[in-house]
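Using the hints, put the two chains back together into the complex; each one sits in its own frame.
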Amino acid sequence: MPSHFHQELEELKILVLHMAALAERAIQRSTQALFERDADLAIEVIGGDKEINLLEIEIDRQCLRLLALEQPLAKDLRVIIGCLRTAVDLERIGDEAVNIAQRAQFLNTRPPLPPNPGMEQLADTALDMFKSVIAAFVNENEQQALDVCRMDDTADELNVRVLKNLLAYMVNEVPAIERSVQTIIAARCLERAADQATNIAESVIFMIKGVNIKHHCQR
Amino acid sequence: MNKTVKMSARHLNFFYGNFHALLDISLDFFQNQVTALIGPSGCGKSTFLRCLNRMNDLIPISRVDGQILLDEQNIYDSRVDVVTLRRRVGMVFQKPNPFPKSIFENVAYGLRVNGVKDKNFIAERVEKSLRQAALWDEVKDRIYQSALGLSGGQQQRLCIARALAVEPEMVLMDEPASALDPIATQKIEELIHQLKKNYTIAIVTHNMQQAARVSDYTAFFYMGKLIEVDVTETLFTRPKHRQTEDYITGRFG
Numbered sequence: 001m002p003s004h005f006h007q008e009l010e011e012l013k014i015l016v017l018h019m020a021a022l023a024e025r026a027i028q029r030s031t032q033a034l035f036e037r038d039a040d041l042a043i044e045v046i047g048g049d050k051e052i053n054l055l056e057i058e059i060d061r062q063c064l065r066l067l068a069l070e071q072p073l074a075k076d077l078r079v080i081i082g083c084l085r086t087a088v089d090l091e092r093i094g095d096e097a098v099n100i101a102q103r104a105q106f107l108n109t110r111p112p113l114p115p116n117p118g119m120e121q122l123a124d125t126a127l128d129m130f131k132s133v134i135a136a137f138v139n140e141n142e143q144q145a146l147d148v149c150r151m152d153d154t155a156d157e158l159n160v161r162v163l164k165n166l167l168a169y170m171v172n173e174v175p176a177i178e179r180s181v182q183t184i185i186a187a188r189c190l191e192r193a194a195d196q197a198t199n200i201a202e203s204v205i206f207m208i209k210g211v212n213i214k215h216h217c218q219r
Numbered sequence: 001m002n003k004t005v006k007m008s009a010r011h012l013n014f015f016y017g018n019f020h021a022l023l024d025i026s027l028d029f030f031q032n033q034v035t036a037l038i039g040p041s042g043c044g045k046s047t048f049l050r051c052l053n054r055m056n057d058l059i060p061i062s063r064v065d066g067q068i069l070l071d072e073q074n075i076y077d078s079r080v081d082v083v084t085l086r087r088r089v090g091m092v093f094q095k096p097n098p099f100p101k102s103i104f105e106n107v108a109y110g111l112r113v114n115g116v117k118d119k120n121f122i123a124e125r126v127e128k129s130l131r132q133a134a135l136w137d138e139v140k141d142r143i144y145q146s147a148l149g150l151s152g153g154q155q156q157r158l159c160i161a162r163a164l165a166v167e168p169e170m171v172l173m174d175e176p177a178s179a180l181d182p183i184a185t186q187k188i189e190e191l192i193h194q195l196k197k198n199y200t201i202a203i204v205t206h207n208m209q210q211a212a213r214v215s216d217y218t219a220f221f222y223m224g225k226l227i228e229v230d231v232t233e234t235l236f237t238r239p240k241h242r243q244t245e246d247y248i249t250g251r252f253g
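Chains A and B are the protein sequences, given in the same order.
Going by our numbering, the letters in the first sequence line up with residues 1 to 219, in that order.
Going by our numbering, the letters in the second sequence line up with residues 1 to 253, in that order.
Don't read these hints as lab results, they were simulated from the structure.
Errors might be hidden in some of the hints.
What the hints assert, rightly or not - Derived DSS-like pairs: lysine-lysine, alpha-carbon spacing no greater than 27 Å straight-line: (1) B:K225 with A:K209; (2) B:K225 with B:K240; (3) A:K131 with A:K214; (4) B:K140 with B:K196; (5) B:K187 with B:K197; (6) A:K209 with B:K240; (7) B:K197 with A:K214; (8) B:K95 with B:K196; (9) B:K119 with B:K140; (10) A:K13 with B:K240; (11) A:K13 with A:K50; (12) B:K187 with B:K128.
Isolated chain B, as found in the complex (with noise of 0.2 Å):
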């Protein structure tokens, strides 16, 4: 099993003005290996996703302590840039969100934004995209067609292959598939399972049998707190902390 660490949370405390939503989190995230984070609703997973790539940045209220490195650069470091850390860390939320433009033309945008002009190479990264999103042969006759006429599904994968086309070298996912049928659910996380051989993979996810399904290492959060890591098959079928236990088991509160 690879165990180079792609991304590291190091003692990361994260404040919404007074709250203190995140504890003193330590955590890697291994490379081409998918962690899924699970935890019951607030208590801090999206948060934590969402320090990865510094979307929590766009929240004026909002402060972090510690460090996230990324290939052992701390990504809260002055000296980096938003943009290309996020170029770099992708992201993928809960509802596809494709802009009102052509399946293309979604797929292209993150190029365009990045200044390829190239019109061959853009073509080639978004076929691509679409390819490893596995979307291409269901959309291949009708590209130039709106992207909002996709089925949901579709479009979830869609937005994959729009984080793909600009190649990260990690991609965090907050609760892809919790908006799709089972069908949709499951071309997800195959595709999860195919994306891992290329990028390292954080997702959240409310489903811990889903968490179970895609993911090499789980991590347990409650209460903003860390409670525990471990190999996805260890932490499901003997959890070391009673808190993991009864999450799991559904013994909650």
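For reference, chain A alone in the conformation it holds in the complex (with noise of 0.2 Å):
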């Protein structure tokens, strides 16, 4: 049977994975609301960054009391550390879902630009890689999870990609410039939600490893 402490660590892993839920709904809504011009569903994911906010402080206060009354050691103590870097991620991807519901909040009230293909891959990749290293984290898959730090090279090359398209079409249509600067924002905020399923993806190695691998992450 489980000792108490490692049925609280188990708890204390439900309870981030429970945030990386809403986190992941979302960056996924944010973008709905983003290519299908959704006002509602924007004000809806902007209203929902609370929730994950209480939950990073909640995960803070039972590390914290972990770390005091348990001292806990090895893998224990990586799993506390490695569940209070992944809060601060998901708190990050929560507010980079925000940024991109108040883009959509403004571009909804514009005439769209035309299709910009890279912008909906960029979505799915940080989606993808998003996922990847929640379940990484859950299955304690040390490939899966170098498998999402390669991914965020492809996240980004489309960021650069639709950039470029963006500040091509400025150049000949001046009165969509806002509306591209808006868009650019919001890729930059995917692009910066990969970065931080990367850098969840590191903390799952460090967890089942060790091992820091920030900063060079084997490619």
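Here it is, written out as structure tokens:
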């Protein structure tokens, strides 16, 4: 039978997964609000961020309590450090979703821009990375986490492609500059969300292996 | 980091009668470093510690195979004088065990046993040892009073001072703080940090946080075997062996 501490550690992981589910939904809905010009969905995403923020505070509190009272070691210690870091990244992903939703609110009141396939691919990539990294967290799958790190290059390239497309478009369409800039900001938010997913992948590898691969992720 | 090996166990086996208590232990103790020995009760860590200054010789049915080298000399060599060995490798036990004598005489005891007669020398060494054991300021005004009047934590530091008075090269500590309250424990741990500047220390402890706090290296024993030894930070954050991981995270059994 697991000790009360190990039960609490499982509960901590469940709390992180709950937060991850909310962050995933926020990113997914914010891009939906953007692509489908859905103002109500954008409002929902913005309103939902509070719950994500509260979960970060709760995870902080639980981690601090377990560190102070249980003095964990080895993998137990790494899991708590990993959950602390992951909660920070999830909170930021929530903020990126809010930012995208705010861009959607603006863009929905203006004429649509021409289709920009790079933008949808970027959203898909960021979401795929996020789903994969949460699966890696749950299954303690090192390879899956490493794959997420490698996918970050794709997200970066797609962001650059969106940027270049819109810059070229703006040169000839001065009235569309504001809409284009708003879209560039949204793309940047998706790219940042992909970065956060990469950070979480690094935390997952730290939890599993005890090695820190930050800043020199093997690609 | 100083990497000179002060003491080294080489393929050490130890038997209580037919019971094979230690199985092929090879372990280095680095000079001016603290090495913690951890493991569940009965794993052999205290038996191993007692091999390091031949305290197990006192058990008639015991038998030792292999070598323990102190500065490259095998302490189980027949030419080794055990009294001299125990002066070089001092020991502090779990329960403070002061003699029913004055504080001064407790610390002077080892010197007198070794034939030192010079009163000034003895007085100087007693003061120096009590200072090293962080006890001098608390007892300097009652040094000729009975040691039995000291608190448990003070008695343990007195025993450390007694061990230091003969200027050993290595100090073995068998759960030196397990009978003490948290404040006395903290003092002993702080003392260990200070002592390693001058001594090589091996400490057996059941308290993993204590091992983590005081030691440079940690060795994990299980069922008479040395499972893993590593830099303390590494052993407690990313142990290599499953048994170590299970033990230090409390998933044993």
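Hint by hint, here is what the structure shows:
1. B:K225 with A:K209: 25 Å, holds
2. B:K225 with B:K240: Distance of about 15 Å is within 27 Å: holds.
3. A:K131 with A:K214: 20 Å, holds
4. B:K140 with B:K196: 24 Å, holds
5. B:K187 with B:K197: Measuring from Cα to Cα gives roughly 16 Å; hence the hint holds.
6. A:K209 with B:K240: Given that 27 Å is the threshold and the Cα spacing comes to 10 Å, the pair holds.
7. B:K197 with A:K214: Given that 27 Å is the threshold and the Cα spacing comes to 36 Å, the pair is violated.
8. B:K95 with B:K196: Holds - the C-alpha atoms of K196 (chain B) and K95 (chain B) are around 22 Å apart, at most 27 Å.
9. B:K119 with B:K140: 17 Å, holds
10. A:K13 with B:K240: Judged against 27 Å, a Cα distance of about 24 Å means the pair holds.
11. A:K13 with A:K50: 20 Å, holds
12. B:K187 with B:K128: 18 Å, holds
Of the hints listed earlier, the one the structure fails to meet is number 7.
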